[in-house]
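With the hints as your guide, set chain B onto chain A.
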Amino acid sequence: MSAVQFHNVTLELGGRTVISNVSVSIAAGEFVGMLGPNGAGKTTLMRAILGLVPAAQGTILVLGRPPARGNPVIGYVPQLRSNAGALRLSGWDFVAAVIDGHRPGLPLLSKNARAAVDRALDLVRARDLAARPLSETSGGERQRLLIAQALVGSPRMLLLDEPLTNLDPHHQQAIVNLVRSVQAELGITILFSSHELNPLLGVLDRVLYLGSRQAALGPVDEVITSPILSRLYGSKIEVIRARGHIFIVSGSHEIEHGPHRHPEAAPSFQRT
Amino acid sequence: MFHYDFMQNAFAAGTIVAVVSSLVGYFLVLRRQTFAGHALAHAGFTGATGAVLVGASPIWGMALMTVAAGIGMGAQNERIAHRDVAIGIVLAFALGLGLLFLHFFTSYATEATALLFGNVLAVDATTVWTLLALGLASLTLLAGISRPLIFASLQPELAEAKGVPLRLYSMLFLAIVALATAECAQIVGVLLVFALMVGPAAAAQALTTKLTSGLLLACLLGLLETWAGITFAFYTDWPTSFWIASLSAAIYAIATLSQGQASRVIGPRRAVATHTNLSA
Chain A
373 MSAVQFHNVT LELGGRTVIS NVSVSIAAGE FVGMLGPNGA GKTTLMRAIL
423 GLVPAAQGTI LVLGRPPARG NPVIGYVPQL RSNAGALRLS GWDFVAAVID
473 GHRPGLPLLS KNARAAVDRA LDLVRARDLA ARPLSETSGG ERQRLLIAQA
523 LVGSPRMLLL DEPLTNLDPH HQQAIVNLVR SVQAELGITI LFSSHELNPL
573 LGVLDRVLYL GSRQAALGPV DEVITSPILS RLYGSKIEVI RARGHIFIVS
623 GSHEIEHGPH RHPEAAPSFQ RT
Chain B
7 MFHYDFMQNA FAAGTIVAVV SSLVGYFLVL RRQTFAGHAL AHAGFTGATG
57 AVLVGASPIW GMALMTVAAG IGMGAQNERI AHRDVAIGIV LAFALGLGLL
107 FLHFFTSYAT EATALLFGNV LAVDATTVWT LLALGLASLT LLAGISRPLI
157 FASLQPELAE AKGVPLRLYS MLFLAIVALA TAECAQIVGV LLVFALMVGP
207 AAAAQALTTK LTSGLLLACL LGLLETWAGI TFAFYTDWPT SFWIASLSAA
257 IYAIATLSQG QASRVIGPRR AVATHTNLSA
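In order, the protein sequences belong to chains A and B. So the first sequence is numbered by my numbering: it starts at 373 and just counts up by one. So the second sequence is numbered by my numbering: it starts at 7 and just counts up by one.
Chain A extracted, bound-state conformation (with noise of 0.2 Å):
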């Protein structure tokens, strides 16, 4: 059965269309990199199957169902962009908040909750980082909390939403060294989103790509081609492969990274 099936979808946000009748089907187990250039929908495509965002034409199907809100199967890592970080609440108690979070009542954890919250933490190996302060914590050590909350309650499959951005190179790759071991060990289905490429290149199972409202879901080599990128930006865009990295460019100047990124650091080919 597929993870995530999209038959014919067209999703609207404020009036805009965002992706016009895109069809795609993302397999159980797989690991889904998205990929596309700001506003190309990636967020909305996760709300999307979070059941957030109605499909205004086509159909979506989450493990062969419709989307539905607080649909247990589905873990979602949301940027963060709340005032979380600042806190000075310890990460345990942060990664707590979401048992039975939808539920009114008093904050009060069974010993089965409070089992489940450890096994969480341990999976992303964050058990003595969750005894700091969150705003004791680094960029990276967030996210692994993050990872963790998401995971609590066993859910089947992992949406996370641009969990690299403002990491340095080498917390990316552990980023994506741990989501993909958790993946190992649980055999769950990840889509994961990225303004980049790279640090996901040794362990993405196909790629998502979105642009200009269409959608191209491959292997890297297929979908990462001149071809296929100049369609989905709406104008040239070259592919240069060197080093077991990839640059997408177009004219002179690389788009692949985020703008986080200096433009000085673009010829990365110094990087070994």
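Simulated from the structure, these hints should not be mistaken for laboratory data. All the given hints hold, so there is nothing to weed out.
Label pairs and their in silico Cβ distance ranges:
| hint | chain 1 | residue 1 | chain 2 | residue 2 | range |
| --- | --- | --- | --- | --- | --- |
| 1 | A | P438 | B | L174 | 15 to 25 Å |
| 2 | A | R437 | B | A255 | 52 to 62 Å |
| 3 | B | S219 | A | R603 | 53 to 63 Å |
| 4 | B | A92 | A | A487 | 36 to 46 Å |
| 5 | B | M7 | A | G442 | 51 to 61 Å |
Quick look at which bits of chain A chain B covers, simulated, 3 or more residues with Cβ under 8 Å:
| hint | region |
| --- | --- |
| 6 | 460-468 |
| 7 | 475-484 |
Glycine included, each C-beta is placed from N, C-alpha and C at the ideal position.
Structure of chain B alone, referenced to chain A:
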């Protein structure tokens, strides 16, 4: 000092209000909505003066007005930019309107001072019962929504995906804050609500990283500041609100300073974290 009725009433009222406002305040600080609490108190001033104008009890006028303002504020979209500006402008308007109401009742100058700065020593037994009823109502409601409220405060996007109606909880919470503000204003007045609602909670969050111990500590600090404030006022004859505000500031300062000390001990680790952030 407990021989006097007014002191018994003051301690009873102070105890109720300290517990309610420090617990509600903990969530207010957690959600970074302290300014909203401050603004609600000002809306309460309008409600109270308006109530006096029509011959009703100020506390009910205040509660009605703050709850209406709280629900209105909570109904706003979370993502509206410059929300502080909107809140500040409504705050100023509310205070101005309150002044107009007072203008029509010039004989109530003492009433105005009491509303602005509180007068816990003038609280009568009826008011203590009113405070108890309002306090129990707001704490019961807070207990009922606390789990989803914490989730929505810490991880709004995830909470939304899990089916938590964010706006509903935002409205319910600000209604609770509004009730607590109206209570708090009886003790320290509308201008000093921050002292009793935000001070103990912020100090507690600086001192402990655990949620439950934070709530308990906020409660204890609130009680300590209130009891000590009333006692000092009794022996010095200086205003209670002055003592409570001063104790609140002092305890907050000590808490943040000791937090700085603790961070210095684990300094090297933080230095590494900062370094990696810079290189990203």
